[in-house]
Amino acid sequence: MFATGQQALGKRRSADSDRIIGWVLAAVASLAVLTLVFIILFIAENSGKVIGEEGLWSFITGGIWRPYQSEYGASSLITGTLLVTAGAVLFAFPLGLGLAVYLSEMAPVKVRRFLKPAVELFAGIPSVVYGFLGLILLVPMLANLFSGQTTSGFCWLAGSMLLGVMALPEIVSVSDDALRSVPNTYREASLGLGATKWETVKKVIVPAAAPGIAAAAILGIGRAIGETMAVMMVTGNTALLPEPLWNIFATVRTLTATIAMEMPECVVGSTGYSALFLLALILMVIILFINLAARALVARSQRRFTGTPAGRFEIWYEKRTAQFMEVCGRHRLQLLRQALKTALVFVFLFFIVSLFAPFGEAVVLAAIVTAALGLLLTDGVRRLGRRRVQTAAHCGMAAIAVFVMLLLAVIIGYVVINGAPALSWSFLTEFPRAGGTAGGIYPAIVGTLELLAGTALIALPVGVLAGTYLAEYAGDGKISRLIRDAVDVLNGTPSVVFGLFGLAALVTWLGLGISLLAGCVTLALMVLPVIIRTTQEAVRQVPPELREASRALGATKAQTVFHVVLPAALSGIVTGAVLSLGRAAGETAPIMFTATVVIESKLGNSILDPVMALPYHLYYLASEGRADPSMMYGTALVLLIIVLGMFAVATAIRIRSERRSR
Amino acid sequence: MIAGVGVYALTNHGNNDGSTDESAEIVVNGSTTVAPIMTIVKEKYEALYSSVTIQLNATGSSTGAAAAINGTADLAMLSRDLKESEISDGLHSYTIGKDGIAIIVNSGVTDVSNLTMQQIADIYAGKITNWNEVGGADAHINLIGRESNSGTRGAFEELLTKADSTFTVTSSMIEMNSNNALLTAVGNTANAIGYVSLGIALTAGSSAVAILDVGGVHATVANVVAGTYTLQRSLNLATKGEANGAVLDLINWILGTEGQKIVEDEGYIPISS
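As you go down the protein sequences, you meet chains H and Y in turn. Residue numbers for the first sequence, in the working numbering: 0 to 661. Residue numbers for the second sequence, in the working numbering: 436 to 708.
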């Protein structure tokens, strides 16, 4: 496997092949990236018309969205997206990080083996199912619980909760991989210094894993911000600003819901059509800003570990704090920070309480709760003692795990209970009859399997090679960072936009027609960003010692990458691939324009024939079908089982690779 | 790599475009409201004429029309009338049936069984916000409607504008994006009102919602046919240029007895009556 270094000839040959492999990787990476850039250009080009007619500024700041009266003011949609996403992150990030910490640092191996794939299962539930569950369970529940605040139950809060749950698998899995890739020497050193396990987690492991956790958060935000089918079922979709702005019980409408709702019935090439593309473009800019902010935060926390020089802003910031400290002294600065934190907590609490109580009472209540929290957290922690804090933290994390499992049980239980009655041999093996109200879903099962296989065949090699190139060869320069931004931005692009890109570029321009092939390429483009990003992250997390050892033994760079680095990163890569394919399996929008037909009476016999697919069949039954709901849930259940099978294979691969590397 | 696959696809694509003589493939795309009719038409028509294959997509009225214009579909399905721009792009439409629009309420709303057009207009304009203003209990009306591009909504609001020329819909209406989603939303939301394709409302037979009378007239197929139930709209097919060949045969079959029977079975109103 490794060059022994005895023969000069052999060495030169391997150096040549090394260079060739480098070029091939670069070619694949640039092809992938070019395609992604092409999608961004496609969206920008299509949004030109409305910018010309309405002006960009008045489009963004305008308050009224009435496309049927040619009024295009997107401010309430932008606000809606920001609010719902912020709520989703507030809900999902603590939960996800807590669960990841539990998985990686506290859970017994057996629990972990069960829990990790279980969490990933969230990603395999089609968003149509999330949407209907939200509509049937969550919305009426909120209406009953908060009858004074919302009459209908359709609200921002419902959207945030739903999206939070949908973003969980990405946040948990990617954070978990990041935490586990922190070298054991860190843990041992910290524990050796007498820190408790919890202190080690809090002060050493989480900070060391910060870039990976940030990537997790960004992927999660991307998932939440770009989601379409579920969020529009529960937020009410009114293009109005909430009153007051922090009213979590107000109805809101997001950018993605607007795109997904209005696109299918929008005259192609019209101003309204172009306006929807501009909404997608705005969404991309929002994601870009979130990324830049997240990266700045991570860079700050990372400097302690890597010793990389500070950026201009950081130097300015450090200088200012140093100056400030000189003026008022360390103790006072600390007090100031404490006061600032307290004020933040107070304002947050006031916002929440003011929704339930009049102004005066809200101020008093918020003040009391803030004071109580302050006492509990500072004095309480000190009095509890470090051991007890450790126990409390452990219990807290375990409680989060139990809570998330309960959520999963409710969701999956619902699908199983409602879908099981429809399951039968004929349901699985027959063609649909009477417009899908009778017969089976055989062609949809076949179509989904074909779509998944084709997507994996295209996206996996391209994505893994591109990600590897970016992490191992491209360095951390400007171009590499630019690519990372492009990839992240696309990850948050609503899937319906990919569908329209596929329609324009593949179906019409390349002349593939509505076909299996066009669907596979479209889905591959959609999952490519996630695969590239997670591969990059997983490869980066492989400790440098492994590479150095391999090179010291005389292995070429290519040999090191393919025989040492990639196997070590396999677990993370598989996670990314599985999550994205699970998501692809349940997506409707990208395939409905490119690959699927409503009903098939015989299977297609080439990759240029259209197919039926489970998520689209589900979408059709859910939106206009006449079938009784058990057909719909039966379809969802079959889809879930397929995804489950896929995850099982992935878990097996991961367990094997973990066993080898530990 | 993608480009390579594309070239392969192009060279193979010739077989697929369909020679018209012996076997014809008719590509149909468009409205999800019309799609239930076409799924049955496909099943029956293919069984009758084994040489014909109907490829059926349903991505929405407008994407269907666009597909017919640019030639990727032979036949578009629309739950609305053609827009000016679509007519000038050469589309011809054929009305194959009608659909009533049912006013539905959550089954918990028991004291109201009839609304006048003026009352409906006032409710959707946001002027009436409580059920007690139209003879019901003291409860806030949860107003639910369709997304702005929906054919159902377009027809609904046009009819309300005819009844009340000052009508504009309130921005605080909750919007859902399909007939079934709206039906589920009204069924699960206390004190909710909504409007939905009569075909869907009748065939769904949901006990969670009740169908209201409008101006004292029951929402039934017979009353839509008689013209006494005024909330209705047309369902159309469209071709680029006049239809001919296999496509014309198909349209004629749908307009014939067997086709119109399917339209009726799906809860819509046949054109002949």
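It should be emphasised that the hints constitute simulated quantities derived from the structure, not laboratory data. A virtual CB, placed ideally from N, CA and C, is assigned to each residue, including glycine. Please note that the accuracy of each hint is not assured.
[Claimed, not checked] As a list, the in silico DMTMM-like pairs of lysine to aspartate or glutamate whose alpha-carbon atoms are at most 25 Å apart:
#1 Y:K518 with Y:D599
#2 H:K601 with Y:E478
#3 H:K340 with H:E187
#4 Y:K533 with Y:E593
#5 H:K48 with Y:D524
#6 Y:K518 with H:E70
#7 H:K601 with Y:E593
[Claimed, not checked] The following label-pair restraints were derived from C-beta to C-beta distances:
#8 Y:T665 with H:F113: 58 to 66 Å
#9 Y:H653 with H:F113: 52 to 60 Å
#10 Y:V487 with H:F402: 19 to 27 Å
#11 Y:N687 with H:V23: 27 to 35 Å
#12 H:P243 with Y:A657: 45 to 53 Å
#13 Y:T545 with H:W424: 52 to 60 Å
#14 H:G268 with Y:V487: 47 to 55 Å
#15 H:A419 with Y:S607: 54 to 62 Å
inquiry  = Hint by hint, where does the structure go against what was stated? Just the numbers, ascending.
reply    = Going through the list in order, the structure violates hints 3, 7, 10, 11, 13, 14, 15 and respects the others.
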